[in-house]
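Chemist: Below are the chains, spelled out letter by letter.
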Amino acid sequence: MARIGVFVCHCGENISATVDCGKVADTIGKLKHVAYSTEYKYMCSDPGQTLIKDAIREHKLTGVVVSACSPRMHEPTFRKACAEGGLNPFLCEMANLREHCSWVHEKNELTTEKAIDIIRTQVEKVKLNSALQPIRVPVTKTSMVIGGGIAGIQAALDIANCGHKVVMVERSPSIGGHMSQLSETFPTLDCSQCILTPRMVEVAQHPNITLYTYAEVESVEGFIGNFKVKIRKKAKSLDEKACTGCGLCTTKCPQKKIPNEFEQGMGMRPAIYVPFPQAVPNRPVIDKEHCTYYIKGKCKVCEIVCPTKAIRFDQPDEILDLEIGAIVVSTGFDIKHADFFPEYGYGKYKDVIDGLQFERLASASGPTAGAILRPSDGQVPKNIVFIACAGSRDPAKGIAYCSKICCMYTAKHAMLYKHKVHEGNAHVFYMDIRSGGKNYDEFVRRAIEEDYVNYIRGRVSTVYERDGKLIVKGVDTLLGAQPVEIVADMVVLATAGVANPGAEELAQKLHVSYDSHKFFAEAHPKLKPVETNTAGIFLAGACQNPKDIPDSVSQASGAAVKVAALFSQNGLTREPLVAFVNRTAPPMYSTCVGCFLCQSVCPYQAIEREDFKTRDGKIIKTVAKINEGLCQGCGTCVALCRSKSIDLYGYSNNQVYAEVVALLNEF
Amino acid sequence: MDNLVKRAKELLENKTVQVVIGYEAGPTGVIRPAFITDPEKAGKLIYNDKCDQNLAVYLTKKEVKNFGKMAIVATLPVMRSIMMLISEQQLFAESIVVLGISADGNLLDIADINIMQGYIEKSDLSNPEKYKALLAELNKLNPEEKFAYWQKELSKCIKCYACRQACPMCYCTRCTVEVNQPQWIPVQANTHGNMEWHILRAMHLAGRCISCGECGRACPVGIPCHLLTMQLTDQVYTYFKVYAGTSDKMNSVLSTFEPNDKESFII
Ligand SMILES: Cc1cc2nc3c(=O)[nH]c(=O)nc-3n(C[C@H](O)[C@H](O)[C@H](O)COP(=O)(O)OP(=O)(O)OC[C@H]3O[C@@H](n4cnc5c(N)ncnc54)[C@H](O)[C@@H]3O)c2cc1C
Ligand code: SF4
Ligand code: SF4
Ligand code: SF4
Ligand code: SF4
Ligand code: SF4
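Residue numbers (this note's numbering), protein chains in the order written: chain A, 164 to 830; chain B, -17 to 249.
Note that these hints are calculated values from the structure, not bench results.
Each residue gets a CB set at the ideal place from its N, CA and C atoms; glycine is no exception.
Accuracy of the hints is not assured; some may be wrong.
Computed beta-carbon distance windows for the label pairs [claimed, not checked]: (1) A:A180 <-> B:K141: 50 to 56 angstroms; (2) A:S679 <-> B:Q133: 43 to 49 angstroms; (3) B:Q133 <-> A:E272: 33 to 39 angstroms; (4) B:E178 <-> A:S679: 39 to 45 angstroms; (5) B:I140 <-> A:L690: 56 to 62 angstroms; (6) A:R235 <-> B:F129: 39 to 45 angstroms; (7) A:Q768 <-> B:I140: 39 to 45 angstroms; (8) A:E381 <-> B:N242: 23 to 29 angstroms; (9) A:S679 <-> B:F17: 54 to 60 angstroms; (10) B:K44 <-> A:P301: 38 to 44 angstroms; (11) B:S105 <-> A:D402: 54 to 60 angstroms; (12) B:S105 <-> A:R235: 52 to 58 angstroms; (13) B:S246 <-> A:P646: 48 to 54 angstroms; (14) A:M164 <-> B:E178: 30 to 36 angstroms.
With the hints as extra help, turn the sequences into a complete structure.
Modeler: What follows is the structure, encoded as structure tokens:
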């Protein structure tokens, strides 16, 4: 016979201020099957837990109802206490008297009655609880890092240095991401390439890291510790083993007029190319969209000049099947380009450029070898205007958020300009200067005070061309919104950081959520900033929201620790509150009819098929089967199944029915 | 229907199928289902406007499936039922031959599923006219009157479950009403429990009912329970622009989500 213990918590005064806890404990104590009922000020405290443990032994309890707060925080606490008292932890239930009762009602009789009702449902439920055992799932100790920017590189190196295998999948021909395009980096102005390239090389050479560039994730199935991933290695039209990286092909390719992505369109590249001299791997790929051979069917100059005969025009894409235990998503971000801004000429003025283009102009390895020359005529701009918040914090443009990095890189750009063009004038239009961060505000002050950059607080309404000059019209809000007009030679827009193209598609493949701006969503904004809502998939870097390098790197190390922590165990245990499809004796095998409508509603792809066969292999019946590793116990399938062939451990139809009946019945 | 008989005979003779499911006239002239396995008996098959039973219900019955490959005389509702059964994985397209019957009673040449799909798509899939008229009458009532009407009708139900047995979409190995842990639907017939049963049945057929009216015809006490499922057919069409049984690959409307689905029915 059931012997239930009920423990009513005051939660300090959170519950007892409106609920008469003494009366509740008394009334519940008189219910049939309740062997013990008591109240206490803080049930979660050590003495409170001891109370529960002692009562389990003393009163030989077969079930416990802790009537306190939301199970979200303390269910694990009380389950553990029960286990220590010798009761299976899943024979413990919580009645939520705080969020569901005391916090939402005034102090009176009815409130106390409602508290009693809530507890009665749980007493009825716990009578039907069964002792459950945690589920063990194995873990494949290989991780996958998607995206080889600085965040991905850091995560991969950290995981690899913990002794675990890493597969890095990078979409472009080289790793490095946006950081490889930067000239110098705030707040220290060290050369981006100099700090990045050694790490890129380390990735390529690390014995624990397998690098796939020019590759994309095709599909992801499975669950934490046990993902099954398909990767498409796009054909580079090259035998990478044979190629020595001499680069002869890239110099001989007759097709030379393709806008260079790495130079942000400010230079040209051939159809067979290495994106930049420090690329890792330093091997060319053929851009099939522009290669004369792929377009017209003849050319093959590269094949003729290649000394090691490494060119393979007929190479197909390759699909790799991998078993992966954990995934780090570090696919970075993109920026809006000048063509997004009608007020600044829709990108039709050559000398209105974006921040990344400026980085390339300022870079020693860029198209101008580091000289600040304007794109239209190659002249040194004498007057330069930087416009911060171009697109960001502008709900009218659909981007309400702050892109976070622009204030800092705009100060950097102005500074770099002043260091290179001593006699020039740099003006910055800004809304606010957001320079929170170690040595960040000092950096901006240096730009203003030591490099005499002219900061104007106000927005620019329009930029237009007159007599070969760019007229920038704005206001200075610190001078009472006085109109300002600057005749500039060049304008640099600190355009909004946005999600990478393809982020949404990737998120859908991974079954992780993303926000309305298509940035990947963390599981909790404060307490789980590195996790996604899918167990075993973590985030690093600017794919979550625009971030600078220090933030990207710290988050990457955070993600790496999550992966390493997962891999430090030989298997995972998880709560056994999962669905199951019933099994009956042959010839029925299960009451499931195999309509598989449940498959289409399961948000976690947890429903599989199981065949029952005769001895000679003939299929008698195919029914649904729940993958316990994947099922999150949401119960959607239970509600859907017409024949009620699915049920949920811990929240069975019987239990929920008993709860409802308890409420309907007088007591 | 010489064509039908000829074709059935052929199929049985050359062993393309082992059974032909169709209609025959019983000893008193009442139309009844026929299961012809012997080519010599194909001559019994008839088709006329009294042949209105939805034969698709037999396609999932073990006793019939055990014959082997099946041919079935199929009017539009039967064809739509077949689509539903395939899409819900209760039937394989390879295991049947469809002897389609057009609206004017002629044998159609349905060589494969795609042709059948084409035929269905060309047809009017809304509820049959006579039921539309009945529904229109009912929908004139206000909610209280409607409730009173159904309460009165359903109080007659004796829970024989003939409506369920007659419906091709009620193919469950075990129906919810047979679940007793917990006992969702009471065993005995009483107005309250009868209403629970009918709400449950209607919801299970929402977006799946193909408007054959068989459940209503089967009811021994004359409850027009088909109007419940047909009303839902109308509603599903209004909200999602989908009729059941139009393709062998269709997703169940009520268990799939499209971002542009209307949610105006959520209160
Ligand atoms: C103009 C400008 C100046 C900046 N200056 C500074 C500075 O001075 N100091 C500073 O700290 N920060 C600076 N930043 C910010 C810095 O660029 C970012 O913090 C950093 O690049 C973020 O790194 P990441 O690895 O998260 O993303 P990214 O650098 O964007 O790298 C993402 C990588 O993932 C790859 N990828 C994308 N999608 C896929 C996919 N589906 N599959 C596989 N691979 C994929 C991409 O090809 C890329 O290699 C600046 C940014 C801009 C725009
Ligand atoms: S468990 Fe239910 S919904 Fe799922 S396939 Fe079986 S009968 Fe259909
Ligand atoms: S309970 Fe939820 S997660 Fe588990 S199988 Fe059912 S629908 Fe999927
Ligand atoms: S009423 Fe529902 S559970 Fe019963 S047979 Fe029909 S569809 Fe299945
Ligand atoms: S009308 Fe009745 S028998 Fe026909 S499909 Fe609809 S519910 Fe089933
Ligand atoms: S056939 Fe008629 S009497 Fe029988 S269960 Fe259905 S509605 Fe009730």
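Chemist: Take the C-beta atom of K44 (chain B) and the C-beta atom of P301 (chain A), compute their distance, and say whether it sits inside 38 to 44 angstroms.
Modeler: Check passed, 40 angstroms falls within 38 to 44 angstroms.
Chemist: Assuming the hint says 23 to 29 angstroms, is it satisfied by the Cβ distance from E381 (chain A) to N242 (chain B) or not?
Modeler: holds (27 angstroms)
Chemist: If I claimed the Cβ atoms of M164 (chain A) and E178 (chain B) lie 30 to 36 angstroms apart, would that claim hold in this structure?
Modeler: Since the Cβ atoms of M164 (chain A) and E178 (chain B) sit about 32 angstroms apart, the hinted range of 30 to 36 angstroms holds.
Chemist: Quick one: are S679 (chain A) and Q133 (chain B) within 43 to 49 angstroms, going by C-beta?
Modeler: Holds, since S679 (chain A) and Q133 (chain B) (Cβ atoms, about 47 angstroms apart) stay within the stated range.
Chemist: Starting from the range 50 to 56 angstroms, see whether the pair A180 (chain A) and K141 (chain B) falls in it by beta-carbon distance.
Modeler: holds (51 angstroms)
Chemist: Has the hinted range 54 to 60 angstroms been met by the Cβ atoms of S679 (chain A) and F17 (chain B)?
Modeler: holds (59 angstroms)
Chemist: Does the beta carbon distance between R235 (chain A) and F129 (chain B) stay inside 39 to 45 angstroms, or does it fall outside?
Modeler: holds (40 angstroms)
Chemist: Given the range 48 to 54 angstroms, decide if the beta-carbon distance of S246 (chain B) to P646 (chain A) lies inside it.
Modeler: With Cβ atoms ~49 angstroms apart, the hint holds.
Chemist: Just to be sure I understand the hint, the distance between the Cβ atoms of S105 (chain B) and R235 (chain A) should be within 52 to 58 angstroms; is that true here?
Modeler: Hint holds: Cβ distance 53 angstroms, inside 52 to 58 angstroms.
Chemist: Just tell me: holds or violated, for the beta carbon distance of E178 (chain B) and S679 (chain A) against 39 to 45 angstroms?
Modeler: Between E178 (chain B) and S679 (chain A), where Cβ atoms are some 42 angstroms apart, the hint holds.
Chemist: Do Q133 (chain B) and E272 (chain A) keep their Cβ atoms within the hinted range of 33 to 39 angstroms?
Modeler: holds (36 angstroms)
Chemist: Taking 56 to 62 angstroms as the stated bounds, is the beta-carbon spacing between I140 (chain B) and L690 (chain A) within them?
Modeler: holds (58 angstroms)
Comparing the model with each numbered hint stated earlier shows that all of them hold.
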